[in-house]
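Student: Protein sequences appear in the order of chains A and B. Take 1 as the starting number for the first sequence in our numbering and just add one per residue. Take 1001 as the starting number for the second sequence in our numbering and just add one per residue.
Honestly, the hints are just simulated from the structure, not real lab data. Since we're looking at a predicted model, the values are computed, not measured. Do not rely on the hints blindly, as some may be mistaken.
Listed next, with one range per pair, are the computed distances between beta-carbon atoms [claimed, not checked]: (1) B:1350 / A:70: 19 to 29 Å; (2) A:31 / B:1313: 46 to 56 Å; (3) A:49 / B:1340: 48 to 58 Å; (4) A:10 / B:1046: 57 to 67 Å; (5) B:1313 / A:7: 51 to 61 Å; (6) A:70 / B:1066: 51 to 61 Å.
In silico negatives: residues of chain A with every beta carbon more than 12 Å from chain B [claimed, not checked]: (7) 3; (8) 6; (9) 16; (10) 26; (11) 42; (12) 57; (13) 60; (14) 64; (15) 65.
Glycine included, C-beta positions come from ideal geometry on N, C-alpha and C.
In case you want the letters, here they are:
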Amino acid sequence: MRLVTEAPTTEQPALVLDGRFDAFETEKFRAACDELLAHGANSLSVDLSDVIFIDSSGLAELVRAMKHCRQSGGELVIVSPSDPVRVIFELTRLDAAFTIQDASVQAS
Amino acid sequence: MAVSTEVGRPGAAVDSLTSALIDANDRLLGLLALITDEAPGSLDNDVLITAIVDRAAPILKLDRVTVNGAADYEWGSDVDDAKGSWTSTHAIPEQGDVDITFKRRGSRFNTGDTKLLSAVAKLMSNAITTARMHRAAMDQAMMAKEHATAARITAAALPDPERIPQIDGLSCFANLVPARTTGGDLYAWREIDGKLWFALGDVSGKGLPAAVQMSTITSALDAGFRQHHTDGPEEVIAAVGRWVHHRLSESGMFVTLAVGSFDPHTRTLCIANSGHSPIVYRRNAKCRRIDATAPPVGVIEGIPTIETVIQVEQDDLLVLATDGFTEQDNLAGEMYGEDRFDDTIAHAVGSAPEVGTFLLNELAAHGIDCEQSDDRTLMVLHFS
């Protein structure tokens, strides 16, 4: 998985992921989230448009980060999940727990 | 080797030379014994070093030996007026350097002495290194043993595969294979007042951390079955959520969980689903999904599920699995997939054990020569 941090010094930095987001990649994601949240951000955008696979460990990391943001009065926004990711969110009803936006909506 | 001569007494010089040669030979024999002697059966640095020093000190007429740094050791009384003092530094892997110092009062160390001291110091640092490696290997073996014990304890939370509920008009099959020694997949079933109560779930993550949560959840399910068997499956899930939500949440984990009941008298099947997939109901070779109506337990507290109620007919089939089943790769990297899962169920025939075995064989054929990457669980209920 590739992970890029965008706008790290703003109030709502973004993490852009691509590839597989599974148990082998969670530490990298957690470290990036914790770094951003420790330096003043209370909201995060997580772009999953190029993620081709997500497993329960990846989902658990997103849930953990979402709770962290909400405890600080912020929000974690899932941006443009790819079809495989969107299907998983729907099957597990995690779409009811997360704020999910398309990139076009976010840009506006 | 020190040789003294007395002028005018050639016989004395020969005696002295002979004595020095014998002394040198004794030292070499002593060193040989030091190297070839069996090391004491201990992993304690002090014991190992003392065994070497006890041999080396008389040979080299030592009064003081100290080791400082990654290992600490002192032998002999402190020597302020030492004429001979010699120190060497040795790197102990993954531990750091040790300074090994030898002192004696009587005379300085000559070239021959320092060669022997160097050999003795090397023996001492090797002993420290070997002891460290042995200790690390023992720690690792102990950890593996503790892990295996924990795996056995958590696996005991799952039903005995030989004890299958006997319910009129129903055959049951379950199979759980963790990817490692243990994992977060779970299933449970229990007959209460002639009705079957069952559950299947998947704790996020893998290995022992997931297994520990799994064990808690199976206990909560058992309590939920007992306390809410006059209610519905949604009440069992709600109760499990109340009991385990905070524990899961604090660990950054969740569990996808499906709970169901079957009443053989009314032939009514009820299922509540918190975030679990896949659950397939087959009738007349057609499959339909029983979708989740709430997120997994541990994500957001208190979101209720909505029960799915089915009046079962003869040869209907309910199949529940975890994602380790549908996400099994083949050699080409292609997942088994939910469509293939549905197709296989549509064409399966026979009782629950026959269908379960057929589904497992189909999966094995797909994933032949491929590693199982995730915990995998399958439960089949066949209504006759």
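Student: Is it correct that the beta-carbon of residue 65 (chain A) has no partner in chain B closer than or equal to 12 Å?
Tutor: violated, 9 Å
Student: Just checking, residue 60 (chain A) versus chain B, shortest CB gap more than 12 Å?
Tutor: violated, 4 Å
Student: With respect to the beta-carbon atoms only, verify the hint that residue 1313 (chain B) and residue 7 (chain A) lie 51 to 61 Å apart.
Tutor: holds, 58 Å
Student: For residue 64 (chain A), is the shortest CB-to-CB distance to chain B above 12 Å, so the non-interface label stands?
Tutor: violated, 4 Å
Student: Is 57 to 67 Å right for how far apart the beta carbons of residue 10 (chain A) and residue 1046 (chain B) are?
Tutor: holds, 59 Å
Student: How does the Cβ-Cβ distance of residue 70 (chain A) and residue 1066 (chain B) compare with 51 to 61 Å: does it lie in that range?
Tutor: Roughly 59 Å apart at Cβ, these two residues keep to the hinted range, so it holds.
Student: When you look at the beta carbon of residue 26 (chain A), is every beta carbon of chain B farther off than 12 Å?
Tutor: With a cut-off of 12 Å, residue 26 (chain A) comes too close to chain B, as the shortest Cβ separation is near 8 Å.
Student: May I ask you to check that residue 16 (chain A) keeps its beta-carbon over 12 Å from the closest beta-carbon of chain B?
Tutor: holds, 22 Å
Student: Is the nearest Cβ of chain B still more than 12 Å from the Cβ of residue 42 (chain A)?
Tutor: Consistent with the label, residue 42 (chain A) stays out of reach of chain B, its closest Cβ about 18 Å off (over 12 Å).
Student: I want to verify a distance hint. Is the separation of the beta carbons of residue 31 (chain A) and residue 1313 (chain B) within 46 to 56 Å?
Tutor: holds, 53 Å
Student: Verify that the Cβ of residue 57 (chain A) lies farther than 12 Å from every Cβ atom of chain B, and report whether the claim holds or is violated.
Tutor: Its Cβ does come within 12 Å of chain B, the nearest being 5 Å, so this is violated.
Student: Could you see if the CB distance from residue 49 (chain A) to residue 1340 (chain B) stays within 48 to 58 Å?
Tutor: violated, 27 Å
Going through the hint list in order, the structure does not satisfy hints 1, 3, 10, 12, 13, 14, 15.
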